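First to last, the protein sequences are chains A and B. Mapping of the first sequence onto our numbering: position 17 corresponds to residue 17, and the numbering continues sequentially without gaps. Mapping of the second sequence onto our numbering: position 156 corresponds to residue 389, and the numbering continues sequentially without gaps.
Residues of chain B clear of chain A, computed beta-carbon distances all greater than 10 Å: (1) 251; (2) 280; (3) 293; (4) 295; (5) 298; (6) 300; (7) 332; (8) 378; (9) 380; (10) 382; (11) 383; (12) 408; (13) 410.
Going by beta-carbon spacing under 7 Å, a handful of chain A positions derived as facing chain B: (14) 4; (15) 11; (16) 46; (17) 50; (18) 161; (19) 166; (20) 169; (21) 196; (22) 198.
As a list, the in silico DSSO-like pairs of lysine-lysine whose alpha-carbon atoms are at most 30 Å apart: (23) A:198 - B:356; (24) A:3 - B:284; (25) B:239 - A:197.
No lab work stands behind these hints: they were computed from the structure. Fair warning: this is a prediction, and the values are worked out from it, not measured in the lab. Just so it is clear, CB atoms sit at the ideal spot from N, CA and C, and this is done for glycine as well.
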Amino acid sequence: MKKLIEHFSDYPMLVDDNPKLQYIRYRLGRLKHQLWLINRKNKTDILLDKHDKFIIDNLQPGKTCIFGSAGYYLEQVIEDLTVVEQWPIVKRFYPAAQIIDDRSEISKLNGRIFDNFIVVNNRGDIWCELSVVEDHISKYLLAMRPGCLFFYSFRDTQIINWNRLTTDHYTYFYDFAKQIEKKYALNLVWHDIKFAKKNKDGNSDYDILENPDTTNGNIKFVFEYQTKTKIIK
Amino acid sequence: MEKTIKIVEPFALYKWAKNFKRIQDKFYNKKYKLRRIQQIEDFITLNNFNKVYHIEETWLDFELSSDIFVSTIKDADLILVTHQGYSRYPCKGIIEQIQKWTAQCSKLYLCLNRHYLNIDNQKIDLTLPTDFQKAISSWLQQSLPNHVVIDLSRNYIDRGENFTWSLPDRHFYIELK
Chain A
1 MKKLIEHFSD YPMLVDDNPK LQYIRYRLGR LKHQLWLINR KNKTDILLDK HDKFIIDNLQ
61 PGKTCIFGSA GYYLEQVIED LTVVEQWPIV KRFYPAAQII DDRSEISKLN GRIFDNFIVV
121 NNRGDIWCEL SVVEDHISKY LLAMRPGCLF FYSFRDTQII NWNRLTTDHY TYFYDFAKQI
181 EKKYALNLVW HDIKFAKKNK DGNSDYDILE NPDTTNGNIK FVFEYQTKTK IIK
Chain B
234 MEKTIKIVEP FALYKWAKNF KRIQDKFYNK KYKLRRIQQI EDFITLNNFN KVYHIEETWL
294 DFELSSDIFV STIKDADLIL VTHQGYSRYP CKGIIEQIQK WTAQCSKLYL CLNRHYLNID
354 NQKIDLTLPT DFQKAISSWL QQSLPNHVVI DLSRNYIDRG ENFTWSLPDR HFYIELK
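Next comes chain B alone, as it looks inside the complex:
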């Protein structure tokens, strides 16, 4: 019997998303840890945050006590965003979302995936550095004049080998002035 061609929409696109880091972990043994995860843990611990509201997509398996995580923003002393879906907001949407978050909790640790930024190709009416990494920082700082924006990222060219889809690469501490 001759087969019939059926046209289908792409499926299972996000099948791996939550589990992506755990799958990547299997490629190594248990003796390594992603530096950016350690950076977040250190940031939380050394700055004595103990009520963290975490917005996550990919499971990161932080080695922190579960007691420090809270289930609502109103109870939080820090919002931690590792969900890379927000990097797929338009730039103005990212700024609006940051303002919404800091209106509820003044301290925010935000991770952005550089490869998604300005996903909808909108002209940004700011003078920005030529270097993309510096431009991201400058865009946030200029767009959030009533916030302190500190770039906590390491600079490197990401050739797809930096675990960016496990944990977004550009890290910012943002605090309402």
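Same shape as in the complex, but just chain A:
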């Protein structure tokens, strides 16, 4: 009889000792890694998606940090980019990455130096309550200069411990942004919160598609730290 498990921790994973499995596990949750695989070999083009373009078009001059987002695929289009990840396996294929354990290490390693800070659908930031997301954000702030633009996006489906049947989703996430705006001097200068629109097709069936922009997250915010001077296009 095989041991029955319900949770990742119910049986020891082999991943820790096996770089190939570490890489597969890392890749499973990081769709943007695919862009890096393509772009590093493409001699003529750099493939990006619309959200990448949105971020690039709105970056301000200076230093940019991208955390937990497989952000090395942006190295060819963002000058002075610092890539920070939590998975040591990243160092094997992208040696320039800073590998940290706790988010507070970002400011310890770099200081308060960043003019742009990007977190796009970071698997390490989700699968938690919004209160934990807030805690993560409070640590990112320590590495931001005043006026820093903070691009933050995630998926509603991977925020836990809220009742999706009784809660208005839009209000839930918008109120979260307004709450941290007040608490941390993070001015919300742009947001985009979208949910799937479901209509029947010709066979009276619904589509089975996910919420919009599974890759980057359907909940997107841009904050400006301590000031409110930027216009996001």
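Using the hints, position chain B against chain A.
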């Protein structure tokens, strides 16, 4: 030569979907089995279902004889739905789909992924419990008054470490009265 930026639509989103459980299996050795898979196998075996119509997305590799699976609903004594795409239907669509299924075969074992429910953010005009897991059960029971709805799920907070994308977490046996 300077490279040109090209904007592309996200791709390969569902590249891993069918194979997702088999990939997760590689993270362990062969000595474990997902409890929810065992639960489904036991449910089928102990209740003597032997004509199961299975609607699946992710390959689950049931340890059941292939003889018990049938290829059309009309031949089935049980519909088993593990395809999580139906969890991405709007709530009213899920209820309509259950009614369509049970009109063809009165017994249904339905697995829903809690994280997708009410994907389109529609107001549900029912009084539901505060606890999300109880609310899912109550929503189905209230919406299907001509069905028996039995919640077969275990309750826990899913922090993304419960193999939910291999096999959805909320399990219901639904039977037309």
